[in-house]
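Colleague: Here is what each chain is made of, one letter per residue.
Protein chains: 2
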Amino acid sequence: MSFQFEVQSTSDSARAAVFHTPHGPVETPAFMPVGTLATVKTLDPEDLVRMGATMILGNAYHLHLRPGDDVVKEMGGLHRFMCWDGPILTDSGGFQVFSLAKLRTLNEDGVEFQSHIDGSKRFFTPELVMQIERNLGADVIMQFDHVIPGQSDEASARDASERSIRWLARCLAEVNRLELGPPVPHLKLMRAEPDKTVVTPKYVPTRTGEFAAQLQQQALFPIVQGGIHPHIRRQAAASIASMHDWPGFGIGGLSVGEDKPAMYEMLDVVDEALPRTHPRYLMGVGFPEDLIEGVLRGVDLFDCVAPTRMGRNGAAFTHDGRLNIKRAEFRTDPRPLDESCQCATCSRFTRAYIRHLFIADEMLGLRLLSLHNVHFLLSLMRSARQAIQTGTIEEWAREWLLRFRASPPIEV
Amino acid sequence: MSFQFEVQSTSDSARAAVFHTPHGPVETPAFMPVGTLATVKTLDPEDLVRMGATMILGNAYHLHLRPGDDVVKEMGGLHRFMCWDGPILTDSGGFQVFSLAKLRTLNEDGVEFQSHIDGSKRFFTPELVMQIERNLGADVIMQFDHVIPGQSDEASARDASERSIRWLARCLAEVNRLELGPPVPHLKLMRAEPDKTVVTPKYVPTRTGEFAAQLQQQALFPIVQGGIHPHIRRQAAASIASMHDWPGFGIGGLSVGEDKPAMYEMLDVVDEALPRTHPRYLMGVGFPEDLIEGVLRGVDLFDCVAPTRMGRNGAAFTHDGRLNIKRAEFRTDPRPLDESCQCATCSRFTRAYIRHLFIADEMLGLRLLSLHNVHFLLSLMRSARQAIQTGTIEEWAREWLLRFRASPPIEV
Chain A
1 MSFQFEVQST
11 SDSARAAVFH
21 TPHGPVETPA
31 FMPVGTLATV
41 KTLDPEDLVR
51 MGATMILGNA
61 YHLHLRPGDD
71 VVKEMGGLHR
81 FMCWDGPILT
91 DSGGFQVFSL
101 AKLRTLNEDG
111 VEFQSHIDGS
121 KRFFTPELVM
131 QIERNLGADV
141 IMQFDHVIPG
151 QSDEASARDA
161 SERSIRWLAR
171 CLAEVNRLEL
181 GPPVPHLKLM
191 RAEPDKTVVT
201 PKYVPTRTGE
211 FAAQLQQQAL
221 FPIVQGGIHP
231 HIRRQAAASI
241 ASMHDWPGFG
251 IGGLSVGEDK
261 PAMYEMLDVV
271 DEALPRTHPR
281 YLMGVGFPED
291 LIEGVLRGVD
301 LFDCVAPTRM
311 GRNGAAFTHD
321 GRLNIKRAEF
331 RTDPRPLDES
341 CQCATCSRFT
351 RAYIRHLFIA
361 DEMLGLRLLS
371 LHNVHFLLSL
381 MRSARQAIQT
391 GTIEEWAREW
401 LLRFRASPPI
411 EV
Chain B
1 MSFQFEVQST
11 SDSARAAVFH
21 TPHGPVETPA
31 FMPVGTLATV
41 KTLDPEDLVR
51 MGATMILGNA
61 YHLHLRPGDD
71 VVKEMGGLHR
81 FMCWDGPILT
91 DSGGFQVFSL
101 AKLRTLNEDG
111 VEFQSHIDGS
121 KRFFTPELVM
131 QIERNLGADV
141 IMQFDHVIPG
151 QSDEASARDA
161 SERSIRWLAR
171 CLAEVNRLEL
181 GPPVPHLKLM
191 RAEPDKTVVT
201 PKYVPTRTGE
211 FAAQLQQQAL
221 FPIVQGGIHP
231 HIRRQAAASI
241 ASMHDWPGFG
251 IGGLSVGEDK
261 PAMYEMLDVV
271 DEALPRTHPR
281 YLMGVGFPED
291 LIEGVLRGVD
301 LFDCVAPTRM
311 GRNGAAFTHD
321 GRLNIKRAEF
331 RTDPRPLDES
341 CQCATCSRFT
351 RAYIRHLFIA
361 DEMLGLRLLS
371 LHNVHFLLSL
381 MRSARQAIQT
391 GTIEEWAREW
401 LLRFRASPPI
411 EV
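Sequence lines, in order, name chains A and B. In this text, residue positions in the first sequence follow the working numbering: the first is 1, and each later residue adds one. In this text, residue positions in the second sequence follow the working numbering: the first is 1, and each later residue adds one.
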């Protein structure tokens with residue numbers, strides 16, 4: 001098996017481990033920068049290598065719409081397409097279908113929706129999404145799930161969680177069929193009512209030629225849903241864990257509007273309910289304080305667009321909280337963004353210069369701040385890992401959070 | 001003297017040389033990437049180093065408005081501000097005052113104009129511009145000149161050329177005063193009528209502290225104007241050359257609307273009229289064919305925003321002409337932009353990927369194309385230099401232009 005999870009040290013729930021993938025090892029806890037459209041916004045893959053990123057994300061929903069997962073497949077898969085030969089995880093698009101797309105209609109089969117790009121009608125099923133993720137060729141692929149708002153009531157949370165588990169079984173069957181069965185055209189899976197506006201992509205799932213030679217085994221991760229309802233989360237974790245020997249687990253539906261204590265409580269619940277032998281990936285969570293709270297609750301992998309989105313908006317993480325570089329007070333500030341940061345931005349440029357770039361709408365500013373913010377989270381997780389290994393994670397986390405939280409968060 | 005021009009080989013008018021500056025040598029012929037606002041748009045200084053850029057540009061007009069040359073000075077000068085420790089040349093802003101600014105009023109003293117950023121009234125004199133360029137602290141500073149449209153009639157061209165020469169004398173006097181004389185507040189130089197909307201920047205020309213220790217000798221380059229009128233160009237060159245032992249010469253007012261044969265004729269005229277012992281800098285010219293035609297006519301330095309502006313618009317230079325990456329034909333094109341290019345873009349990414357980035361409005365696309373285009377011109381000038389040194393410049397230029405011109409230029 002290409003995927004292994006090697007736990008090296010633990011401290012209560014926190015653990016330092018190595019997640020082995022076909023494209024190399026990922027030392028955890030780790031933050032995974034998000035390359036939604038096959039690019040981590042404003043950054044070059046080389047920037048990511050140099051700042052020590054190991055695993056990055058792509059997004060099935062976005063890449064299906066642009067450039068098309070068929071194009072990515074034809075160009076040799078996502079790794080080759082975006083020139084990233086480290087591990088990649090693709091999100092299934094569940095979150096995007098329920099947050100970005102318009103006019104959704106959900107039934108047990110799947111979800112019909114309109115593309116947020118051109119309004120064309122699409123129909124996502126668990127099977128189609130597995131085909132899309134196979135075309136993209138990431139190391140880890142996430143199941144297609146039914147995502148609901150963070151504050152949903154128990155009935156809605158239970159309904160979505162149970163549907164997600166039924167869809168998980170279909171995802172697994174489809175992955176097995178794609179890996180083991182004979183190549184079968186899957187257009188029959190497009191179950192939307194015949195309609196001229198429904199786009200029927202020409203999938204060619206036959207594994208031949210150069211791409212086939214490259215296609216690695218893919219690890220399907222289930223996603224534990226259940227809103228902020230502990231017993232639904234517990235049931236979901238138990239049902240999922242008993243279904244199959246999964247290579248890892250996603251934890252979804254958090255950091256979507258619920259308050260922080262509720263999120264941390266759910267992490268405690270899931271930490272207890274999931275096997276400790278496998279990696280846990282907390283989806284869409286990327287603020288420094290949440291990463292640390294997650295690590296303390298047994299989370300291994302994180303992702304979020306926050307560091308690049310904030311970077312493009314002029315906000316920088318620092319050890320003393322967030323900083324908005326556009327403020328007039330930085331006009332002639334000769335200091336780096338964060339005086340203890342070793343990133344390519346902080347080791348060279350002043351706040352005054354970066355502020356100038358933002359005021360003058362120069363793209364280098366967006367890149368320098370994105371670089372810094374991504375480096376900040378990667379470095380934070382390296383520090384956490386080291387603290388776990390040296391048995392000091394509790395104190396380290398307490399001190400880090402005390403300093404960080406002493407400064408009020410800024411609006412960006 | 002910190003500035004020396006060492007001619008190594010010649011072939012008719014073309015020459016391979018080294019222009020020594022306080023921040024290092026520039027092997028010529030050379031293309032200088034333009035960092036208008038203290039950044040070569042979309043690129044990191046490190047990108048420029050890696051592609052072999054030696055000397056880059058900044059712009060006095062733009063930097064005076066944002067962030068203010070006083071800010072740049074306070075931050076240690078342009079080299080330190082933008083983290084570029086190679087040679088820098090600043091353009092005087094003459095071109096921008098006459099092309100970007102609104103509501104200009106010119107008299108013998110200088111030009112009153114409204115900022116294109118906030119509409120505030122400003123008054124540029126040759127003296128003020130020298131103070132701005134001194135604050136910026138570039139190695140080479142251009143005189144403030146009176147720029148006119150490319151097709152201007154003889155009377156206008158003569159008037160502007162003669163005024164530019166009178167302003168040159170004032171620039172030289174001011175540079176000498178700033179370098180040698182006692183520090184004097186220069187606010188008396190703000191000669192616009194008293195008006196509350198006139199911004200009076202608080203210059204502090206005293207040379208003390210850290211900045212003073214860094215301030216290198218600056219080379220003032222005059223600019224030969226004269227439109228497309230050979231005898232005015234000749235007179236300008238003669239007047240300028242007899243005024244002072246300049247470290248080099250700018251050739252201005254070309255590639256501004258006149259046709260190509262007229263531009264090449266003016267280059268022939270100026271080539272004859274200027275001393276062959278000093279560098280010649282053809283301002284604002286940056287298309288591959290014009291660089292080659294310029295080299296054949298004794299030009300050593302070029303600059304232009306074309307490679308980065310085109311790059312942001314989706315156009316790439318190739319040895320077979322220009323290519324518009326957004327075209328549908330590149331959707332699954334696995335080739336690099338230019339198959340014989342060694343740049344960081346072409347050595348990694350396909351046309352299909354870069355097209356995807358443009359279609360999806362991803363900033364990495366702008367950067368990858370800008371990288372390629374700037375590399376293309378730097379590499380072109382390195383090839384020209386080598387061809388001069390091996391005595392093959394004529395054939396090399398003929399073959400290069402034949403292939404490049406065989407493809408029709410595309411509109412971008």
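It cannot be assumed that every hint is accurate.
For chains that are exact copies, the list does not tell them apart, and a pair is met inside one copy or across any two.
[Said to hold, decoys possible] Quick list of in silico lysine-lysine cross-link-like pairs, DSSO-like style, CA-CA up to 30 Å:
1) 121 with 260
2) 260 with 102
3) 102 with 326
4) 326 with 121
5) 102 with 121
6) 260 with 326
Because the hints were derived from the structure by calculation, they are not lab data.
Colleague: Hints first: check each against the structure and report whether it holds.
Modeller: Hint check results:
Neither within a single protomer nor between protomers do residue 121 and residue 260 lie at most 30 Å apart by alpha-carbon distance, with minima of 36 Å and 52 Å respectively. Taking CA atoms no more than 30 Å apart as the test, residue 260 paired with residue 102 passes inside one copy only; the shortest distance there is 29 Å, against 53 Å between copies. For a Cα distance limit of 30 Å, the shortest separation of residue 102 from residue 326 across copies, 27 Å, qualifies, whereas the shortest one inside one copy, 34 Å, does not. Taking identical chains as interchangeable, the C-alpha atoms of residue 326 and residue 121 lie at most 30 Å apart only when they sit on different chains, with a minimum of 25 Å there against 41 Å within one chain.
With identical chains, the CA atoms of residue 102 and residue 121 are at most 30 Å apart within one copy only, with a shortest distance of 9 Å there and 49 Å across copies. Proximity of residue 260 and residue 326 under a CA criterion of 30 Å is satisfied intra-copy only: 28 Å inside one chain copy versus 44 Å between copies.
When the structure is compared with the earlier hints, a violation turns up for hint 1 alone.
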